[in-house]
Amino acid sequence: MQALVSGSARTLALGQTENVGECLKASDVFVLPSRSEGLANALLEAMSTGLACIASTIPGMGDVIQHGQDGLLVPPGEPERLADSIVALFEDSEKRSEFGRRARRNIIDEYSIDAVADKYASLYTRLLGPAEKIAGRSGRTVEK
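As numbered in the working numbering, residues 188 to 331 make up the sequence shown, in order.
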């Protein structure tokens, strides 16, 4: 925590802002120490910009972050472990960069609009069976 206290790192609490993307791009680490959360859009946004992320080990977060691979997970209510994780990422720029690259790849592969659309299409196919082709009024073949 000394690196954060000594002034070699800065923390800004901006409150509500309209330029989230710019703020994320200007950041080195994203921290989401929630005690309760679903699938946090804020975490997805941060990871999509290539930020190294630290989040709580609560349901939903472990579905997105693979601890030690593309980010860090810390038990909620343990501020010392959270602080240690923050300091560790500030002190290791290579790990921070690697986590950020892997996080961005994870979001593109699993949570991009194309990836989610493919997952829905696969789900519908499993539930409804393969689509049958029928001729519509215009004579064009459409999926049934």
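Note that these hints are calculated values from the structure, not bench results.
Here the structure is a predicted model, which means the values were calculated and not measured.
Among the clues, some could well be false.
Pairwise CB distance ranges, derived in the manner of DEER restraints [what the hints assert, rightly or not]:
#1 Ala-308 <-> Asp-271: 18 to 26 angstroms
#2 Ala-270 <-> Thr-312: 44 to 52 angstroms
#3 Val-274 <-> Asn-206: 35 to 43 angstroms
#4 Lys-212 <-> Glu-297: 31 to 39 angstroms
#5 Asp-250 <-> Gly-202: 44 to 52 angstroms
#6 Glu-278 <-> Leu-315: 47 to 55 angstroms
#7 Leu-315 <-> Glu-285: 23 to 31 angstroms
#8 Val-274 <-> Ala-200: 13 to 21 angstroms
#9 Asp-301 <-> Pro-246: 20 to 28 angstroms
#10 Asp-305 <-> Leu-201: 15 to 23 angstroms
#11 Ala-270 <-> Asp-305: 13 to 21 angstroms
#12 Asn-228 <-> Tyr-307: 14 to 22 angstroms
#13 Lys-212 <-> Ile-300: 17 to 25 angstroms
Every residue gets a Cβ at the ideal spot worked out from N, C-alpha and C, and that includes glycine.
Comparing the hints with the structure gives:
no. : hint                                    : in the structure
1   : Ala-308 <-> Asp-271: 18 to 26 angstroms : violated, 43 angstroms
2   : Ala-270 <-> Thr-312: 44 to 52 angstroms : holds, 47 angstroms
3   : Val-274 <-> Asn-206: 35 to 43 angstroms : violated, 28 angstroms
4   : Lys-212 <-> Glu-297: 31 to 39 angstroms : violated, 21 angstroms
5   : Asp-250 <-> Gly-202: 44 to 52 angstroms : violated, 28 angstroms
6   : Glu-278 <-> Leu-315: 47 to 55 angstroms : holds, 52 angstroms
7   : Leu-315 <-> Glu-285: 23 to 31 angstroms : violated, 41 angstroms
8   : Val-274 <-> Ala-200: 13 to 21 angstroms : holds, 19 angstroms
9   : Asp-301 <-> Pro-246: 20 to 28 angstroms : holds, 26 angstroms
10  : Asp-305 <-> Leu-201: 15 to 23 angstroms : violated, 35 angstroms
11  : Ala-270 <-> Asp-305: 13 to 21 angstroms : violated, 40 angstroms
12  : Asn-228 <-> Tyr-307: 14 to 22 angstroms : holds, 18 angstroms
13  : Lys-212 <-> Ile-300: 17 to 25 angstroms : holds, 20 angstroms
Checked against the numbered hints above, the structure violates hints 1, 3, 4, 5, 7, 10, 11; every other hint is satisfied.
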